[in-house]
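Protein chains: 2
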Amino acid sequence: MVNQQIKIGNTVFFKNLPRIKSFAAICGSKEKEGIIGEYADITLDDDMYGESTFEKAECKMLTNAISLAIEKGGFKEQDIDVMLSGDLLNQIISASFAARDYDFPFLGVYSACSTMSESIMLAAMLVNAGYVKRAVAATGSHFASAERQYRYPLEQGTTRPPQSQWTVTGAGGCTVCEGDEGIKITSATMGRVCDYGVIDVNNMGAAMAPAAADTIMQHFKDTGTQPTDYDLILTGDLGALGSRIVKDLTWEKGYDISSRHVDCGEIIYKVIEDEFQGGSGAGCSAVVLNSYVLSKMRAGLYKRILFAATGALLSTVSSGQGESIPGISHVVELEY
Amino acid sequence: MVNQQIKIGNTVFFKNLPRIKSFAAICGSKEKEGIIGEYADITLDDDMYGESTFEKAECKMLTNAISLAIEKGGFKEQDIDVMLSGDLLNQIISASFAARDYDFPFLGVYSACSTMSESIMLAAMLVNAGYVKRAVAATGSHFASAERQYRYPLEQGTTRPPQSQWTVTGAGGCTVCEGDEGIKITSATMGRVCDYGVIDVNNMGAAMAPAAADTIMQHFKDTGTQPTDYDLILTGDLGALGSRIVKDLTWEKGYDISSRHVDCGEIIYKVIEDEFQGGSGAGCSAVVLNSYVLSKMRAGLYKRILFAATGALLSTVSSGQGESIPGISHVVELEY
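Chains as they are written, first to last, in this note's numbering: chain A, 8 to 343; chain B, 8 to 343.
Next up, chain A with everything else stripped away, as it sits in the complex (with noise of 0.2 Å):
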């Protein structure tokens, strides 16, 4: 352990190298026609996935890519030691209730639009410790149920400002697994809650970028990278404007990350202009994680690259009472 510590600063190492051994992922109607869409395990016909509600479809989407990607590592129910999820929705009822289809434990966690990386980093944690073999990390988010919980009725037809993003109808899991096979999590960068006082519940991606800046600098700073040491910094659902922030933001501090970042939200839909910044939501950076960017990881295009999902830690009651968005980003480093 001399020359091995197991953390610096907010990054923790993770020295027995816990590996996303499998991935799956299922997104909606509109998201298959972009980039992601010969990647996704499913690619839905009707978003409401043969169910009455649209909370009820986000479920079974998030359910079904734990289901595929438990099956697709070769595993069954039984092996798995535990899972962590989250989503956007009221007491994260998705993962509460996809969890129930489940023999094994469940670890609620949230962190917004973060959640994909924060269950990725808990999974690592636990399983580089010894205290899990396996586990399973997941999210998903749905546009309607978002859209009604968060603004407003979709029959309503409210217009969108230009700022806004789109919430992504998908879902996205991994094993994170012991053991020689898949993509190794080298280490991983716990993130502070930044607020730099963005009221706009329109522009998410102003509010989350200063976190995700915060963290991938503390990363930088704690493991001694430069941002040309990875292939790809992958941030969450900045989106264009977000993205354009937190590339602005890093520059100032000395970091030019802008030849190796690259935002969910603004490569998943295929025409941007559409959905005006592109995509958001827990499902946006946990579909194209786990469907596009790992199965290029693991063809070789990418041999190491930063995980950055980014939340807006807000609700309906918060912004209605005055306050800002509070932002927050976990990193996670992968390599293959």
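Among the clues, some could well be false.
The list treats identical chains as one, so a pair stands whether inside a single copy or across any two.
[Said to hold, decoys possible] Cross-link-like lysine-lysine pairs, in silico, BS3-like; alpha carbons within 27 Å at most:
#	residue 1	residue 2
1	140	228
2	191	140
3	14	260
4	83	228
5	39	260
6	303	260
7	14	191
8	140	22
9	277	22
10	14	79
11	39	228
12	14	83
13	303	37
14	14	140
15	260	191
16	83	37
17	37	14
18	260	22
19	310	83
20	303	14
21	39	277
What the hints contain is simulated information worked out from the structure, not anything from laboratory work.
Based on the hints, put chain B in the right spot on chain A.
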């Protein structure tokens, strides 16, 4: 490691014995009349706590419980490596906004009223593995913010059915640290989601009791212990009815916990009849544990306890869509 397994079943054993070094609790005007009144650090005369909204008062209680726990441990903010917290409000805004006030990382967790044991368990896992030296685990709730979110506006004066419980106004937190000082966290059992099909949103005790019974019995099985090995088996907020159910369910399987079992919800209020089944809410077990119970433990009254906070994983949407109420309970074993 030959004689010391890290995990058996769903139970993780902490060989490095992370410690609860300090704890703090704040309770409301109704709660201070009960058993915890003289043990809580701050008791409110006015449940608004000088704030303009119930939600802001809830957040202030949680923030102050965290700060007090840090201070009572002889720590400063910069000594703390991470905070684990969650709460009942949509998108856990109390915890997220409390975390905004600190410079350390924040891991949002959610398991409804089982959040206190989930956060202590995860904090112990992080400390035991050496990822962090000192963590804070905390949660809270507020009667008025819970009523208006989950039930009816207080102004409506809706009558309460006899199976209902009263959401506790209060917050509690503790520091989980490496070292030799404080109450030892010996093991923790991760809970599974259990759903016996209860659909009555006023009867949380019945919905949560199966999960409490499941995790407590799993703990006995994994650790090879019996109910009488513990001085106290402390459930979270089952209330009077739920407490009877958990005793029945465990008794049916051959475990008689009756001589050791106490429920935080059952003991928190002075005259139980006034609040029907007793207290509930994430703050219920958080306040009782972090005031009365840990104080008595430190005074030598209890040497070994099981803390099983209990959560009902519903939302107004899930119940409105006809879903039953899944329950969860994470268990932490404490020794002094």
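Each hint tested on the structure:
no.	hint	result
1	140 with 228	between (30 Å within a copy, 20 Å between copies)
2	191 with 140	both (15 Å within a copy, 25 Å between copies)
3	14 with 260	within (23 Å within a copy, 44 Å between copies)
4	83 with 228	between (40 Å within a copy, 23 Å between copies)
5	39 with 260	neither (37 Å within a copy, 50 Å between copies)
6	303 with 260	neither (30 Å within a copy, 51 Å between copies)
7	14 with 191	both (18 Å within a copy, 23 Å between copies)
8	140 with 22	both (15 Å within a copy, 18 Å between copies)
9	277 with 22	neither (39 Å within a copy, 52 Å between copies)
10	14 with 79	between (32 Å within a copy, 25 Å between copies)
11	39 with 228	neither (37 Å within a copy, 47 Å between copies)
12	14 with 83	between (33 Å within a copy, 20 Å between copies)
13	303 with 37	within (22 Å within a copy, 58 Å between copies)
14	14 with 140	both (21 Å within a copy, 10 Å between copies)
15	260 with 191	neither (29 Å within a copy, 43 Å between copies)
16	83 with 37	neither (31 Å within a copy, 50 Å between copies)
17	37 with 14	neither (41 Å within a copy, 44 Å between copies)
18	260 with 22	neither (30 Å within a copy, 42 Å between copies)
19	310 with 83	neither (29 Å within a copy, 40 Å between copies)
20	303 with 14	neither (29 Å within a copy, 35 Å between copies)
21	39 with 277	within (9 Å within a copy, 58 Å between copies)
Of the hints listed earlier, those the structure fails to meet are numbers 5, 6, 9, 11, 15, 16, 17, 18, 19 and 20, in rising order.
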